[in-house]
Amino acid sequence: AQTVTQSQPEMSVQEAETVTLSCTYDTSESDYYLFWYKQPPSRQMILVIRQEAYKQQNATENRFSVNFQKAAKSFSLKISDSQLGDAAMYFCAYRSGSNAGNMLTFGGGTRLMVKP
Amino acid sequence: DAGITQSPRHKVTETGTPVTLRCHQTENHRYMYWYRQDPGHGLRLIHYSYGVKDTDKGEVSDGYSVSRSKTEDFLLTLESATSSQTSVYFCAISPPRDTTPYNEQFFGPGTRLTVL
Numbered sequence: 001a002q003t004v005t006q007s008q009p010e011m012s013v014q015e016a017e018t019v020t021l022s023c024t025y026d027t028s029e030s031d032y033y034l035f036w037y038k039q040p041p042s043r044q045m046i047l048v049i050r051q052e053a054y055k056q057q058n059a060t061e062n063r064f065s066v067n068f069q070k071a072a073k074s075f076s077l078k079i080s081d082s083q084l085g086d087a088a089m090y091f092c093a094y095r096s097g098s099n100a101g102n103m104l105t106f107g108g109g110t111r112l113m114v115k116p
Numbered sequence: 001d002a003g004i005t006q007s008p009r010h011k012v013t014e015t016g017t018p019v020t021l022r023c024h025q026t027e028n029h030r031y032m033y034w035y036r037q038d039p040g041h042g043l044r045l046i047h048y049s050y051g052v053k054d055t056d057k058g059e060v061s062d063g064y065s066v067s068r069s070k071t072e073d074f075l076l077t078l079e080s081a082t083s084s085q086t087s088v089y090f091c092a093i094s095p096p097r098d099t100t101p102y103n104e105q106f107f108g109p110g111t112r113l114t115v116l
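Residue numbers (the numbering used here), protein chains in the order written: chain A, 1 to 116; chain B, 1 to 116.
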């Protein structure tokens, strides 16, 4: 079974600075997808960014980008120009390309605090 | 935003009582999921459905059952609630692979369940 590990339970960043959240995963598959979700205090799970394992180019969505290192099984999230609204729990998630049910495996989460 | 609602949003119940949580979607997506969220564990899959009357177990299915009699509704039942089932429960939906290869999941607002 796949596992997803987020080794940083908490991180803090100064407003307008850049922060990187770590995620590693364990899999023997070559076809899979990776996701970052944000969960603000409202509790709503919001999809931030996604990456297909076959794509070498790192995904980017506005101030959010990933550093996908397939050989190292690492999928870190970089937030540039951090804003107060970025304060939230962030979850990394893995989906096998072969599982018919499209199930996600989540990491334990990283709480990001943004200091004004 | 994906049209997903969950009811109730909050519930407090006694040990040993049955509880049913409802997930309703307006997107007509085939796949639906139930997760529970506990501190340090991220989200863990309880059950999922890949069509009307088609369901399967997830990672933490003991003590839970599900039913899906209509595409839009996915019910999660705790037959006899225990204190260990105190958690936040999320429903999610996923579009089919022929619409997006990522099959990303979109989440409902969550239900906070407390079992006394």
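The set of hints was computed from the structure by calculation and includes no laboratory data. Note that the structure is predicted; figures quoted are calculated from it, not measured. Note that the Cβ used here is the ideal one computed from N, Cα and C, for glycine as well. It cannot be assumed that every hint is accurate.
As the list claims (entries may be wrong) - The calculated label-pair distances, taken between Cβ atoms and stated as ranges, are:
{"#": "1", "chain 1": "A", "residue 1": "PRO116", "chain 2": "B", "residue 2": "ARG112", "range": "26 to 32 Å"}
{"#": "2", "chain 1": "A", "residue 1": "ASN67", "chain 2": "B", "residue 2": "HIS41", "range": "34 to 40 Å"}
{"#": "3", "chain 1": "A", "residue 1": "SER28", "chain 2": "B", "residue 2": "THR13", "range": "38 to 44 Å"}
Claimed, not checked - So the derived list for chain B, only partly shown, Cβ under 8 Å to chain A, looks like this:
{"#": "4", "residue": "GLY42"}
{"#": "5", "residue": "LEU43"}
{"#": "6", "residue": "LEU45"}
{"#": "7", "residue": "TYR50"}
{"#": "8", "residue": "GLY51"}
{"#": "9", "residue": "ASP56"}
{"#": "10", "residue": "GLY63"}
{"#": "11", "residue": "TYR64"}
{"#": "12", "residue": "SER65"}
{"#": "13", "residue": "SER67"}
{"#": "14", "residue": "SER69"}
{"#": "15", "residue": "PHE90"}
{"#": "16", "residue": "SER94"}
{"#": "17", "residue": "GLU104"}
{"#": "18", "residue": "PHE107"}
Unchecked claim - Covered, in the sense of this in silico footprint (three residues per stretch, anywhere, with C-beta under 8 Å from a C-beta of chain B), are these stretches of chain A:
{"#": "19", "stretch": "55-67"}
{"#": "20", "stretch": "107-116"}
Hints versus structure:
1. Between A:PRO116 and B:ARG112, the C-beta spacing of about 29 Å keeps the proposed range 26 to 32 Å intact.
2. The given range of 34 to 40 Å is broken by A:ASN67 and B:HIS41, whose C-beta atoms sit roughly 25 Å from each other.
3. Separated by about 42 Å at the C-beta atoms, A:SER28 and B:THR13 satisfy the suggested range of 38 to 44 Å.
4. A hinted interface residue such as B:GLY42 counts as satisfied when its beta carbon comes closer than 8 Å to some beta carbon of chain A; here the least separation is about 4 Å, so the hint holds.
5. Given the 8 Å rule on beta carbons, the hint for B:LEU43 holds: about 5 Å separates it from the nearest Cβ of chain A.
6. Annotation: B:LEU45 was flagged as interfacial toward chain A, and the flag holds, the nearest CB pair being 6 Å apart, inside 8 Å.
7. Hint status for B:TYR50 relative to chain A: holds, with the closest Cβ pair at about 6 Å, below 8 Å.
8. Taken as an interface hint, B:GLY51 does not check out: its beta carbon lies about 11 Å from the nearest beta carbon of chain A, beyond 8 Å.
9. Restraint check, B:ASP56 versus chain A: the minimum CB separation of about 7 Å is within 8 Å; hint holds.
10. Interface hint at B:GLY63: violated, since its Cβ lies 19 Å from the closest Cβ of chain A, which is beyond the 8 Å cut-off.
11. For the restraint placing B:TYR64 at the interface with chain A, the shortest Cβ-Cβ distance is roughly 15 Å, beyond the 8 Å limit, so the hint is violated.
12. Interface hint at B:SER65: violated, since its Cβ lies 17 Å from the closest Cβ of chain A, which is beyond the 8 Å cut-off.
13. At a threshold of 8 Å, the smallest CB-CB gap from B:SER67 to chain A is about 17 Å, leaving the interface hint violated.
14. Against a cut-off of 8 Å between C-beta atoms, the interface hint on B:SER69 is violated, since the closest Cβ of chain A lies about 19 Å away.
15. For B:PHE90, the interface hint holds, since its Cβ comes within 8 Å of a Cβ in chain A; the closest pair sits about 6 Å apart.
16. At its closest, the beta carbon of B:SER94 sits 5 Å from a beta carbon of chain A; the interface hint therefore holds under the 8 Å criterion.
17. Interface restraint check: B:GLU104 against chain A, minimum CB-CB distance 6 Å, threshold 8 Å, status holds.
18. Given the 8 Å rule on beta carbons, the hint for B:PHE107 holds: about 4 Å separates it from the nearest Cβ of chain A.
19. Coverage of the stretch 55-67 of chain A by chain B is violated. Counting CB-CB distances below 8 Å, 0 residues qualify, and the rule asks for three or more.
20. A stretch counts as covered by a chain when three or more of its residues have a beta carbon under 8 Å from one of that chain; for the stretch 107-116 of chain A and chain B the count is 3, and the coverage holds.
Hints 2, 8, 10, 11, 12, 13, 14, 19, counting from the list given before, are not met by this structure.
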